[in-house]
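Assembly of the complex is requested from the two constituent chains, each provided in isolation within its own frame, with the hints serving as guidance.
Residue-level listing of the chains:
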Amino acid sequence: MTPSVRTPSPAGVMTLLLGAMLVAVGCVTINIYFPAAAAEKAADRIIDGVWQLPNGQGGQAPADGDKQ
Amino acid sequence: MRTLLVGALLLGAAGHGRAQGNLEIDTPAIAALRAAMQQRHQQIAAHYDAGAVGLTADGLVAIRDAGQVPLSQRGRLSALVAAENRDREALYREIARANGHPEWREQVQATFAQRWIDKARRGWWVQRPDKGWAQR
Numbered sequence: 004m005t006p007s008v009r010t011p012s013p014a015g016v017m018t019l020l021l022g023a024m025l026v027a028v029g030c031v032t033i034n035i036y037f038p039a040a041a042a043e044k045a046a047d048r049i050i051d052g053v054w055q056l057p058n059g060q061g062g063q064a065p066a067d068g069d070k071q
Numbered sequence: 004m005r006t007l008l009v010g011a012l013l014l015g016a017a018g019h020g021r022a023q024g025n026l027e028i029d030t031p032a033i034a035a036l037r038a039a040m041q042q043r044h045q046q047i048a049a050h051y052d053a054g055a056v057g058l059t060a061d062g063l064v065a066i067r068d069a070g071q072v073p074l075s076q077r078g079r080l081s082a083l084v085a086a087e088n089r090d091r092e093a094l095y096r097e098i099a100r101a102n103g104h105p106e107w108r109e110q111v112q113a114t115f116a117q118r119w120i121d122k123a124r125r126g127w128w129v130q131r132p133d134k135g136w137a138q139r
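First to last, the sequence lines map onto chains U and H.
Position in the first sequence (from 1) plus 3 gives the number in this note's numbering.
Position in the second sequence (from 1) plus 3 gives the number in this note's numbering.
Rather than coming from a laboratory, the hints here were simulated on the basis of the structure.
Wrong hints could be hidden among the right ones.
To be verified - Covered by chain U, according to a simulated footprint, are these stretches of chain H (three or more residues, beta-carbon under 8 Å): (1) 24-30; (2) 37-49; (3) 73-81; (4) 118-125; (5) 128-138.
Note that CB positions come from ideal geometry on N, CA and C, so glycine has one too.
One chain only, chain H, in its complex shape (with noise of 0.2 Å):
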């Protein structure tokens, strides 16, 4: 019986362990998206720089400023951004997925809303929580 119960503690605390250890990320459908955005932000760069689009205050891109991109080019850059956060929607869900809760997606995509804005390059546009713009 005590054997039992002890037993039973050292599982528990086993499985604490493991809660702490790190997200999985490594699923292949986190790595083609992580290779999709990064083989986009090579196009999308360049608009964060002139401020065209902003990082979002909930993780995610938007136009900022269409006046910085000829008429010519508007449709394009919308579609860019439609795609980005296409990717990054999936990213949050799929990290969410993968690591057994589904519904810690929101929670996901706060944390890296916070680290996409931390990481901004020095010029570029973030929102503010109250959905104000920045630059950095």
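Bound-form chain U, shown alone (with noise of 0.2 Å):
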């Protein structure tokens, strides 16, 4: 081994940027990408309190319900 190891060679300070420069773009692109399923999650617990429902529950709503 060279002592010339110690200093990392252009090649690797540039793919080490562009590895940060990457990773710096793709959090932009996910922050402003819509979170479905967050946002998926959220409706549920809010449905589930406006309209009463048992916590968790899914598509098939309370079908032999008590009021009718």
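This is how it looks when you write it as structure tokens:
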């Protein structure tokens, strides 16, 4: 091994820089991207409250419900 | 230099994690809207049952068959529907805003539209994407 190992090669620095930039760009993209799954979870929580549905109830709603 | 870059990478990764959590829905404005809608539901539910009011494809409610309601009560029904839609619009707007992205409002609304319909009680009327009504 030569002492030059200590200083990263220009290519190495470039790779790292590029990686950091990609991650940064990815973050911006993800933060702007609409979090569909989280929104659905939030909607479910709110709808269950407004309609007084038992927690965690999925699509099929109270089929043979109490009211009617 | 290298430490700095690795630090930046780690920070970036942490940022990613945040985006996958829950949406913020615990603000005073949203809580007030939820409470108002929950209270109103006790009056509006009978109209869903009767088919007078249906759930629209865009996350609101609409009078589907006013004939189900006596003439003398139709003004009240309209007011009820209007108030519900005002709160729903405000709810979608507030959720988007509470999460720092007012521009998400339409997507929040579309998400709710689907979930209201998915969770609708059997017998309630829901609007299809082509605007026609279908009974659950």
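Do the hints match the structure? See the list:
With 4 residues carrying a beta carbon less than 8 Å from a beta carbon of chain U, the segment 24-30 of chain H meets the three-residue requirement, and the given coverage holds. Requiring three or more residues with a Cβ within less than 8 Å of a Cβ of chain U, the coverage given for the segment 37-49 of chain H holds, as 5 such residues are present. Here the segment 73-81 of chain H counts 0 residues with a CB under 8 Å from a CB of chain U, which misses the bar of 3, and the coverage is violated. Remark: the segment 118-125 of chain H is confirmed as covered by chain U, as 7 of its residues place a Cβ nearer than 8 Å to a Cβ of that chain, reaching the required three.
Using a Cβ-Cβ cut-off of 8 Å, 0 residues of the segment 128-138 of chain H lie near chain U, which falls short of the minimum of three, so the contact claim is violated.
Hints 3, 5, counting from the list given before, are not met by this structure.
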